[in-house]
Structures are given as C-alpha cells and as structure tokens.
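Colleague: Can you make the complete structure from the sequences, with help from the hints?
The chain contents come next:
2 protein chains.
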Amino acid sequence: MLFFTQCFGAVLDLIHLRFQHYKAKRVFSAAGQLVCVVNPTHSLKYAPTRCAAAQTSTEQGILPPCHHHETVHDPQLVPCTCPLFSCPWEGHLEVVVSHLRQTHRINILQGAEIVFLATDMHLPAPTDWIIMHSCLGHQFLLVLRKQEKYEGHPQFFATMMLIGTPTQADNFTYRLELNRNQRRLKWEATPRSVLECVDSVISDGDCLVLNTSLAQLFSDNGSLAIGIAITTSKVHSAEAEM
Amino acid sequence: MLFFTQCFGAVLDLIHLRFQHYKAKRVFSAAGQLVCVVNPTHSLKYAPTRCAAAQTSTEQGILPPCHHHETVHDPQLVPCTCPLFSCPWEGHLEVVVSHLRQTHRINILQGAEIVFLATDMHLPAPTDWIIMHSCLGHQFLLVLRKQEKYEGHPQFFATMMLIGTPTQADNFTYRLELNRNQRRLKWEATPRSVLECVDSVISDGDCLVLNTSLAQLFSDNGSLAIGIAITTSKVHSAEAEM
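Protein sequences, first through last, are from chains A and B. Read left to right, the first sequence gives residues 1 to 242 (full-length UniProt numbering). Read left to right, the second sequence gives residues 1 to 242 (full-length UniProt numbering).
None of these hints come from the bench; they were simulated from the model. Keep in mind that a hint or two might mislead.
Each pair may be met inside one copy or between any two copies, as identical chains are not told apart.
In silico SDA-like cross-links for lysine to any residue, where the CA-CA straight-line distance does not exceed 25 Å [to be verified]:
hint: 1; residue 1: Lys149; residue 2: Gly205
hint: 2; residue 1: Lys149; residue 2: Ser193
hint: 3; residue 1: Lys186; residue 2: Leu217
hint: 4; residue 1: Lys186; residue 2: His153
hint: 5; residue 1: Lys186; residue 2: Asn107
hint: 6; residue 1: Lys149; residue 2: Asn39
hint: 7; residue 1: Lys149; residue 2: Thr212
hint: 8; residue 1: Lys186; residue 2: Ile108
hint: 9; residue 1: Lys186; residue 2: Ala112
hint: 10; residue 1: Lys186; residue 2: Asn39
hint: 11; residue 1: Lys186; residue 2: Asp170
hint: 12; residue 1: Lys149; residue 2: Thr190
hint: 13; residue 1: Lys149; residue 2: Ser203
hint: 14; residue 1: Lys149; residue 2: Ser219
hint: 15; residue 1: Lys149; residue 2: Pro126
hint: 16; residue 1: Lys186; residue 2: Ser223
hint: 17; residue 1: Lys186; residue 2: Asn211
Modeller: Structure below.
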C-alpha cells in the first residue's frame, strides 16, 4: 500500500512538472484577445554605463555591445547581439528578431491587440519579462523590468521598442493598459528604437512605471496582465484632444 | 528722463504683480474644458503616523486630528479640521467644504470635466496642490502632492477623494489624465473618502504616481495640466472589458 501511494505521488509530481512546463509556453485566447504567458528572466547585473559608449553606433544601425546575462532556467552565460542581453559582439538590425527567437527563445506574437501575462512578479530584482510582437508589418519588443532604482524599493518599468530605426519608430504609438481591482492605468507613447538602449529608457523613467504596491493591486495570483495595442500615427493625434 | 524711466519701471512692476495675483486665481475655459490654475502650498512637515490613531473615528463620520501646516503665501500656522491640514480639533463631514473654502481659500469648480493646472512644479517637496470639484451632486477634493518617499527622489502623487463617506465614494469613478509630448498617462479608480486619510492613500501608492522625469515630460513651462473627469459607477464596468 505504501509502495502504491509513493508511486501515485511520483506520477502526480510528473503531471505537475509537465503542466508547469506547458504553462510556461502557453498562448491562448481570452475574450477575443491573444494572451501570452511570459516567464521571467533573472539578470545577474545591470551596468548603468553600458549604454554610454553606444550612442555613436546607433545612427549607423549597429547594436551596441552589452553585458553578460543569466537566465533562471538556464544558468549558462549567453553571449549575444540583442539589445537586452549582453555580449562583446556587434550586430545589425536585420538579425535581431531571429537571434531573439533562436538564442533566447523569446516568443513572437501576431495580432493588433494582445495581452502580456507576466508570471512570478514576486521574484527579486533585477528581472525581465520579454516578448516580441509582430504587428503592422514590423516587430516590436515589449520589456517589463523589475529593478531597484532606490535600494530596497523595487519598481516595475514597462516599455515597447521597435526593432527598427528611430525614424521608423516615430510612425507608431503603443499603448500599455492595466485593469484590475477597480483601477485602470494606461500609458501611451511613441515606441523607442532598439538602437536606443532599453536601459536608458528605463533609467530615464520615460515608460510605464509601477511601484510594488500598485503592481500588487493590478496582479492576480502573482501574475500581471498588460494589454498591448499598437497603432500607426505619424503625428500623435492625442495631443490635440486635451 | 531718468525719473520718467524709473516711474515707468515701477508701473510695469505693479502691472506684473497684479497679473501674478490674477494668475493665481484665474479659472478659464480652453477647448470646452474648464481650466483651473492651482498654486502650490508648501507643507512644513508630514508625520507618517498622523493617520494611525484616526482609523476608529472614520466610521462615525468624524475627521481625524491632523498636524500643523504652513502655506507659501501665508506663513502663519492655520489650525483646522480638514483632512489635509493639521489641527488638534475634530469635525464633521458637513463643515469640511465651507471650511476648505473659507479658511484655506481652496477653489471649488463646477463641471463634468475640468483641467487642473498645477503651477511651480519645481518647488521642493513636500508641496501640495489642492482644489475641490463639485460634480454629480457631490464635492470631491483633488490632491497633487510632491513628496520624497525615498530621500533625494521626489515623486508626485495625485488622488481624488469624496467629501463624503466610503459607501458614497464607492458609487463614483474618477479619471486623471496627462497628455503631452506624444505621451499619455491615464489613471482611473474609485475615489476614497476624505474620512480615510489622504496621507495613507499616498503612502500606499494607490494613486497616480509620477517620478520627476515623467512629471517634466508632461509639464509645460513648470506647470502640469491634469484632466479630471468623474462618472457614476456602482459596479466598475471597466473590469469586464479586459
């Protein structure tokens, strides 16, 4: 009987593990919107000066070199050319999408409006949640980062970047929306180009910023749902309305 | 000639002073919306525990005692019963509106949608910008506060409170909207009652929060325009949309 109980327990554990693995990658549709579950990636360090030397290279369409990086699920260092992860190598815009998909296994989603569901919001800073969003003939990168700008006070920063040049980025507007517990927070802006370092966007605070208590109010069972929409807008029409 | 020049200069100064005084109180209409210019009030101190002993009195509709407070324009201490300024006295909800108007000269505005134009955003923390908004048969208090939660890093907190009970407050939704420089930030929530201390709402961060760089992006010449709208909503309909 004891043997049977233990076997049954082991089978249950396996089912649970299988479910966890499945959960990590699922993409489903809820209320007409595509929902993408995004798991966190823990960063070992963020060097505040990593974008300092990169300003000159952005105009030539070459990505700046970045620093070393480690994931929770794969503790090996991954050298790369993408704007988020670190490497000693420089690359061109055209290879970023395939690189992010192949090396970092970052999902790419199609659709005008999607929901980004970031799991495990309780994990310590620094942590990133990243997906790519294919829309209106371009690819965008959504980055949610948990970071301690002030020691002991982690904050969440969310921004959207175009995998393209700053001039191309000016043609779009992105919207991030949180909606829960009788509260709604919307951020609309022109996306930055990935040629501008995501670190500087976040250190400037020119993005959606959430303190821990607000993030908890908008979270459900440790996961934060961010509604994403992208529109074309050469001239931002919102300015005229107010 | 020198005498004439000096006289002319003095007259210009007087006109400038008169304009400054006028500017401080003007309420005008722009693009169909009522715009209220709100000048800052500098607070000498905020005691973080000032709401701690007040929790028991809120259920009886009695306002908690608060601390002493000083304005930039009038350096004398003003003891009072309102939820923002400090005093050793306790009062009832019914007298709050007249008290705020008469003692603190806080403007009250009518209209479904108004624009709150906070001036002199550069002033050091702690600073408050306050108006009352009369709408849908009730009076609301809009508080914008500049405060240093983390030393050396001032942030802006904006919230709307009903001058009424928490049960009455549940019937409304307020919206605060910033719109400038190709960025838009919207916050929607149920207002809190003034019986709950504004300090605790702000220390919980359950309100619109802006860091200094975002506040600068949304400011024009040192003034921040916040669009305000209030609607009735027993059940918050936004929740179902997402």
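Colleague: Tell me the numbers of any earlier hints that the structure contravenes, in ascending order.
Modeller: none
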